[in-house]
Amino acid sequence: MTRGSRRSLRPEAIARIARLELRAKGVVEGVLAGLHKSPYKGQSVEFLQHREYIPGDDLRRVDWKVWARQDRLTVKEFEEETSLRLTLLVDGSASMDYRGGRAAPPAGAVRPSKFETAATLAASLAWLALSHGDAAGCAVFDDRVRRGLPPRSRATHLSEICDLLEAPRNAGPSDFQPVLTGLASTLPTRGMVILVSDLLGDRDGILRGLRLLRRRGHDLAILHVMDDDELDFPFEGPTRFEGLELPTELTCNPRSLRAGYLEALEAFLAEVRRRAAEVQADYTLVRTGEPPEVALVRFLARRSRQAT
Amino acid sequence: MPSFGFPPLLWWGLPLVAAPLLIHLINLLRHRRVEWAAMEFLLASRKKYRTRAVLRQFLLLALRTLAIAGLVFALAQPRWRSSWAGLFGGGGRHLVLLDDSYSMGDLSPGAGRAIAGVESAYDRGRRVVERIAADLAGAGGSDELAVGLSSELSSGSGPPQLALEWLRIGPGELQQVREAAGRTQPSWTAAGPREPLGFAAAVAAEGDAPRTAWIVSDFRSRDWQADETATAVRQLAAAGWGIRLVDCGLPAPPAGNLAITRLEQVGGVPAVGVVLPVEVEIRNDGTAPARDVPLELREDGAVRSGLRIAEIPAGGSITRRFEVRFGEPGGHVIEARLPADILPADDVSRAVVEVVQAVDVLLVCDDPAASLDHGDALYVSAALAPGAGAPTGLRPRVESPATLARLDLTPFDVIWLLDIQRLEPAVIAALEAHARSGGGVVFFMGPRTRPEVVNQTLYRGGEGLFPMPLAGSVEVLPSPDLPDLVAEDHPVVAVLAGRRNPLLDAVRVDRVLAADRSFDEAGSPGLRRLLSLRTGGPLLVERPYGEGLVAAVLTTAAPEWNNWARGNPAWVVVMHELQNSLGHRRRQAEGLRVGERFMVSLVPGVDEPTVDFILPSDGALVRRGAEAGPDGLRASLRLTTPGAYTARWQRLDGTERERLAAVSLDPTEGQLDRVGRAGLEQTLAGVPFRYDPAEALQPASDSLAGVPLAKPVLLGLLAVLLLEQAVAYSASYHPSPIARRRA
Numbered sequence: 001m002t003r004g005s006r007r008s009l010r011p012e013a014i015a016r017i018a019r020l021e022l023r024a025k026g027v028v029e030g031v032l033a034g035l036h037k038s039p040y041k042g043q044s045v046e047f048l049q050h051r052e053y054i055p056g057d058d059l060r061r062v063d064w065k066v067w068a069r070q071d072r073l074t075v076k077e078f079e080e081e082t083s084l085r086l087t088l089l090v091d092g093s094a095s096m097d098y099r100g101g102r103a104a105p106p107a108g109a110v111r112p113s114k115f116e117t118a119a120t121l122a123a124s125l126a127w128l129a130l131s132h133g134d135a136a137g138c139a140v141f142d143d144r145v146r147r148g149l150p151p152r153s154r155a156t157h158l159s160e161i162c163d164l165l166e167a168p169r170n171a172g173p174s175d176f177q178p179v180l181t182g183l184a185s186t187l188p189t190r191g192m193v194i195l196v197s198d199l200l201g202d203r204d205g206i207l208r209g210l211r212l213l214r215r216r217g218h219d220l221a222i223l224h225v226m227d228d229d230e231l232d233f234p235f236e237g238p239t240r241f242e243g244l245e246l247p248t249e250l251t252c253n254p255r256s257l258r259a260g261y262l263e264a265l266e267a268f269l270a271e272v273r274r275r276a277a278e279v280q281a282d283y284t285l286v287r288t289g290e291p292p293e294v295a296l297v298r299f300l301a302r303r304s305r306q307a308t
Numbered sequence: 001m002p003s004f005g006f007p008p009l010l011w012w013g014l015p016l017v018a019a020p021l022l023i024h025l026i027n028l029l030r031h032r033r034v035e036w037a038a039m040e041f042l043l044a045s046r047k048k049y050r051t052r053a054v055l056r057q058f059l060l061l062a063l064r065t066l067a068i069a070g071l072v073f074a075l076a077q078p079r080w081r082s083s084w085a086g087l088f089g090g091g092g093r094h095l096v097l098l099d100d101s102y103s104m105g106d107l108s109p110g111a112g113r114a115i116a117g118v119e120s121a122y123d124r125g126r127r128v129v130e131r132i133a134a135d136l137a138g139a140g141g142s143d144e145l146a147v148g149l150s151s152e153l154s155s156g157s158g159p160p161q162l163a164l165e166w167l168r169i170g171p172g173e174l175q176q177v178r179e180a181a182g183r184t185q186p187s188w189t190a191a192g193p194r195e196p197l198g199f200a201a202a203v204a205a206e207g208d209a210p211r212t213a214w215i216v217s218d219f220r221s222r223d224w225q226a227d228e229t230a231t232a233v234r235q236l237a238a239a240g241w242g243i244r245l246v247d248c249g250l251p252a253p254p255a256g257n258l259a260i261t262r263l264e265q266v267g268g269v270p271a272v273g274v275v276l277p278v279e280v281e282i283r284n285d286g287t288a289p290a291r292d293v294p295l296e297l298r299e300d301g302a303v304r305s306g307l308r309i310a311e312i313p314a315g316g317s318i319t320r321r322f323e324v325r326f327g328e329p330g331g332h333v334i335e336a337r338l339p340a341d342i343l344p345a346d347d348v349s350r351a352v353v354e355v356v357q358a359v360d361v362l363l364v365c366d367d368p369a370a371s372l373d374h375g376d377a378l379y380v381s382a383a384l385a386p387g388a389g390a391p392t393g394l395r396p397r398v399e400s401p402a403t404l405a406r407l408d409l410t411p412f413d414v415i416w417l418l419d420i421q422r423l424e425p426a427v428i429a430a431l432e433a434h435a436r437s438g439g440g441v442v443f444f445m446g447p448r449t450r451p452e453v454v455n456q457t458l459y460r461g462g463e464g465l466f467p468m469p470l471a472g473s474v475e476v477l478p479s480p481d482l483p484d485l486v487a488e489d490h491p492v493v494a495v496l497a498g499r500r501n502p503l504l505d506a507v508r509v510d511r512v513l514a515a516d517r518s519f520d521e522a523g524s525p526g527l528r529r530l531l532s533l534r535t536g537g538p539l540l541v542e543r544p545y546g547e548g549l550v551a552a553v554l555t556t557a558a559p560e561w562n563n564w565a566r567g568n569p570a571w572v573v574v575m576h577e578l579q580n581s582l583g584h585r586r587r588q589a590e591g592l593r594v595g596e597r598f599m600v601s602l603v604p605g606v607d608e609p610t611v612d613f614i615l616p617s618d619g620a621l622v623r624r625g626a627e628a629g630p631d632g633l634r635a636s637l638r639l640t641t642p643g644a645y646t647a648r649w650q651r652l653d654g655t656e657r658e659r660l661a662a663v664s665l666d667p668t669e670g671q672l673d674r675v676g677r678a679g680l681e682q683t684l685a686g687v688p689f690r691y692d693p694a695e696a697l698q699p700a701s702d703s704l705a706g707v708p709l710a711k712p713v714l715l716g717l718l719a720v721l722l723l724e725q726a727v728a729y730s731a732s733y734h735p736s737p738i739a740r741r742r743a
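Going down the list, the sequences are from chains E and S.
The first sequence begins at 1 in our numbering and counts up one residue at a time.
The second sequence begins at 1 in our numbering and counts up one residue at a time.
These aren't lab readings, by the way, just hints derived from the structure by calculation.
Computed from a predicted model, the values in this text were never measured in an experiment.
Among the hints, a few may not be true.
What the hints assert, rightly or not - List time: in silico SDA-like cross-link candidates among lysine to any residue, alpha-carbon distance up to 20 Å:
id	chain 1	residue 1	chain 2	residue 2
1	S	48	E	269
2	S	48	S	59
3	E	76	E	54
4	S	48	E	267
5	E	65	E	77
6	E	76	E	58
7	S	48	S	730
8	E	76	E	63
9	S	48	E	264
10	E	76	E	50
11	S	47	E	262
12	S	47	E	264
13	S	47	E	267
14	S	47	E	238
15	S	48	E	268
16	S	48	E	232
17	S	48	E	231
18	E	65	E	76
19	E	76	E	64
20	E	65	E	52
21	S	47	E	268
22	S	47	E	266
23	S	711	S	66
24	S	711	S	70
25	E	76	E	62
26	S	711	S	13
27	S	47	S	58
28	E	76	E	59
29	S	47	S	730
30	S	48	E	262
31	S	48	E	266
Extracted from the complex, chain E is given alone in its bound form (with noise of 0.2 Å):
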């Protein structure tokens, strides 16, 4: 294990995510040894339920006694346990950069930066997939994919997920839409898709890119990462912002904008699950001051509890 993935890797959020299990809601490529069902609704020995025909479908899955009977084309999915194909996609961009803990100094500690966040939480992910034998693959992007790994499941290629987490980046502005869109093309079969982002960009170009990976029949989670000062905006005192991917800066006295930005950040927090909802995407907010396992555990027990 590499320096980087040790610094990922840390402990004592093994320690408490290696005590769950991993449970897909229901939609997992992949073989996860009989814990996860696979997302493949093809042949398989006990039936799930019927769907309407989407054009790609595997014509010898159409249910033609249906056809026959109420004249539209249904396709049979079957439960079929598989291994998990996990792709984490971790955003890269410079407003990840922020690092907050600086608000009302010296009484903040400083927290670790959005994108430590999102890596913790990335090479977690990948390490809990790959211990339990399933394929875990990273990219990180930001208005393009920098870097990126397919999903394997071997357990050498966790170190190389924690490389790709640590090594250096030179930071652009986000753009959601070609990374996902690219993504959803390349993706060879279907599985979990994890996007661990600020979701600060164009949010339609994310929701389009969303539903097009949810229509090629990927399960998807959003692991939304904020800091708290951008939850709680505790700033005090004359202050100049300066945009970290937008080119703008604005002197003010936060205080005075406090309300108003509360206001933004929860019409777009609102926007966020709305959309997520609407992509059927599992949605969770972690905050960069919480320890990285509470975020992890509230992730995967709410999508245990939605599995069973």
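Starting from the known structure of chain E, arrange chain S on it as the hints suggest.
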């Protein structure tokens, strides 16, 4: 319109109003930098709340500026005065009568500084003038102000001059008032308040405008306990003036002022080489005795050995006599100087002595040769000029009455007429003119003197030269027990005064020309006895005549009717004292006070019409003589500083004339005791006036300075501060509770 109690505070404090803006700008420069990801929410917030935030910031800035302005405003003691009076042309008239007598130069240490400093009662007075002007300027600018100095208003020559003519006072005129006050200095005069008060009473009222007389003075008891002053104030109040008394004196009674109140030659013959007695009088106006006081003396500017006075009692005076002797003829200046004290002006005094080569004395007798051989002239001239071994400075000259008509009598201080039988009317007229112009005349009686002639030609019912009418020759019967002569209380015979003086006791008077019994000595103005006979009759009398003196000895000079001149030293002494006494008036140098005029009479056809006055500062002023009645022209100079003045002019024959005058201060002005508020209330009982010490001068009344605004301003300031706190909290300039908890 607002006025201010402390306008300078306003001008100094107003720049502080810019402090909130500066702090705001500095804070903008001192902001913290934060690289921020969620700019879109921030920009959205600003877009929504920008107007509100900016308005709130401006409001906060305005409130803070207002708070500081309010504080400065309140500290400057604002007052509100309605400008209605100004609109209706009813602005008041304010006449400041500034006491510039030399006591205002009082440098008492109570003023919080050393003697060598700059603060004096007069300095405080000037500040009071500026303060009054500032009050008026702040009160709407509809009031008029004039400033008069007591010395100028008391000069008595020409129309009174104001130091600042009537001026409508607004903020723009303050500098003019300040400069006018700054140009003035304490004078050397002792000008009192009466003439300035009279001047104010004569200032005409204009409509119903209120008039206020501000009397800015040190209020010395000498001036303000006088009935005349109280009368003048009453007249002023009756003329419709409001009376404001502003005391620039010190709160504590002054202590330790010594003043030279007199310095003069007191006799002697002012001739070259002759010792002259000079007296100096020093008064202690303090409350404690002055001990071991050195007195510096100067002759013509050169320091000579001085005096040291052991003690001068508190409130008392002491006189010391010293002698001077000058080796050159001409005018000589004697100067006495005390160590500088709280009132330096009266610590120096000067006197002028006009010294001649010798003083001519004219002895007139019917037979000069015989008289000089064994008669009256012998004994008188021997007494006045005994010889080279005893220089007296006197130069007797013996003439007969016939020559008097042709003789210029001007050079003779005293003319001695020794048993003259008869004088021609022209001679009598010349003698009378001589006496009127200050000369002295001494008559000795004798066997040739005819009482009826004396009465007819010389006494003339009291109009003539002779001091009393004569009755006739009377024999004085001898007495074995009592002396024939009795010395009266007179400086000439003071040396002989006493219970029994052996020299005087030795004098035997056998015969006199007795005074007419019907003559009323007491009813004759100015008549004084110097010596009396045992019988009660007069022997030696004197009477002023014009500016001079006439003495009459009712017996002979030669030891014919008496034995006085025969070997009795008292004879010499009395003759010298008589000569000095009668001649002193003629030779007495001008003793003038500051504020008076130095007058020189010019005779048309004899004198040039212009006179050069040489000032103590060595400067010179030329004055042309002005008509002064039938006698001729008169050139004069108003004396403004103490010291020695010289008047020089030329006669048409080319000769130069010169007169000296020693100008001194009025010593009464050195009495620094002050009347105080209680004394003024007593003296000015019934007169409405307001009294303020200079350092606590308050505006005249609300009608002058307006309603005090300090309290409402402070309440407004409190409201502004509360509002500021609320807006500051609302604008999030206070630390949030969350941040405090975190801290």
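Okay, the hints, checked on the actual structure:
A hinted pair counts as satisfied when its Cα atoms are at most 20 Å apart, and residue 48 of chain S with residue 269 of chain E qualifies at roughly 19 Å. Only pairs whose Cα atoms come within 20 Å are accepted, and residue 48 of chain S paired with residue 59 of chain S is accepted, the gap being roughly 19 Å. At most 20 Å may separate the alpha-carbon atoms for a hinted pair to count; residue 76 of chain E and residue 54 of chain E meet this at roughly 12 Å. For the suggested pair residue 48 of chain S and residue 267 of chain E, the alpha carbons sit about 14 Å apart, so the restraint of at most 20 Å is met.
This hinted pair checks out: residue 65 of chain E and residue 77 of chain E have alpha carbons roughly 14 Å apart, not beyond 20 Å. Among the hinted pairs, residue 76 of chain E with residue 58 of chain E is consistent with the structure: their alpha-carbon atoms are about 10 Å apart, no more than 20 Å. At roughly 17 Å between alpha-carbon atoms, residue 48 of chain S and residue 730 of chain S fall within 20 Å of each other, so this suggested pair holds. For the hint pairing residue 76 of chain E with residue 63 of chain E, the CA-to-CA distance comes to about 6 Å; that is within 20 Å, so the pair holds.
A C-alpha spacing of about 10 Å is found between residue 48 of chain S and residue 264 of chain E, which places the hinted pair at or below 20 Å, so the restraint holds. Pair hint residue 76 of chain E plus residue 50 of chain E holds up; C-alpha atoms about 5 Å apart against a cutoff of 20 Å. For the hint linking residue 47 of chain S to residue 262 of chain E, the alpha-carbon distance of about 14 Å falls within 20 Å, and the restraint holds. For the suggested pair residue 47 of chain S and residue 264 of chain E, the alpha carbons sit about 11 Å apart, so the restraint of at most 20 Å is met.
Of the pairs offered as hints, the one joining residue 47 of chain S and residue 267 of chain E holds, with about 15 Å between alpha carbons and a cut-off of 20 Å not exceeded. Proximity of residue 47 of chain S to residue 238 of chain E is assessed by CA-CA distance (about 18 Å); at most 20 Å being required, the pair is judged to hold. This hinted pair checks out: residue 48 of chain S and residue 268 of chain E have alpha carbons roughly 16 Å apart, not beyond 20 Å. Only pairs whose Cα atoms come within 20 Å are accepted, and residue 48 of chain S paired with residue 232 of chain E is accepted, the gap being roughly 19 Å.
Straight-line distance between C-alpha atoms of residue 48 of chain S and residue 231 of chain E comes to about 19 Å, which keeps the hinted pair within the 20 Å bound. Restraint check for residue 65 of chain E and residue 76 of chain E: the C-alpha separation of about 11 Å stays at or below 20 Å, so the hint holds. Restraint check: the Cα-Cα separation between residue 76 of chain E and residue 64 of chain E comes to about 10 Å, which is no more than 20 Å; the hinted pair holds. At most 20 Å may separate the alpha-carbon atoms for a hinted pair to count; residue 65 of chain E and residue 52 of chain E meet this at roughly 14 Å.
A distance of roughly 16 Å separates the Cα atoms of residue 47 of chain S and residue 268 of chain E; the hinted pair therefore holds under the 20 Å criterion. Among the hinted pairs, residue 47 of chain S with residue 266 of chain E is consistent with the structure: their alpha-carbon atoms are about 16 Å apart, no more than 20 Å. Simply put, residue 711 of chain S and residue 66 of chain S have alpha-carbon atoms about 16 Å apart, close enough for the 20 Å limit, and the pair holds. For the hint pairing residue 711 of chain S with residue 70 of chain S, the CA-to-CA distance comes to about 11 Å; that is within 20 Å, so the pair holds.
Taken as a hint, the residue 76 of chain E and residue 62 of chain E pair is honoured in the structure, with Cα atoms around 6 Å apart against an allowance of 20 Å. Note on residue 711 of chain S and residue 13 of chain S: the hinted pairing holds, with a Cα-Cα distance of about 18 Å set against a maximum of 20 Å. A C-alpha spacing of about 18 Å is found between residue 47 of chain S and residue 58 of chain S, which places the hinted pair at or below 20 Å, so the restraint holds. Of the supplied pair hints, the one linking residue 76 of chain E and residue 59 of chain E holds, its CA atoms being roughly 10 Å apart against a limit of 20 Å.
The suggested pairing of residue 47 of chain S with residue 730 of chain S holds, with an alpha-carbon distance near 19 Å, which does not exceed 20 Å. Note on residue 48 of chain S and residue 262 of chain E: the hinted pairing holds, with a Cα-Cα distance of about 12 Å set against a maximum of 20 Å. Between residue 48 of chain S and residue 266 of chain E the alpha-carbon distance is near 15 Å, which keeps this suggested pair within the 20 Å criterion.
Hint violations for this structure: none, all hints satisfied.
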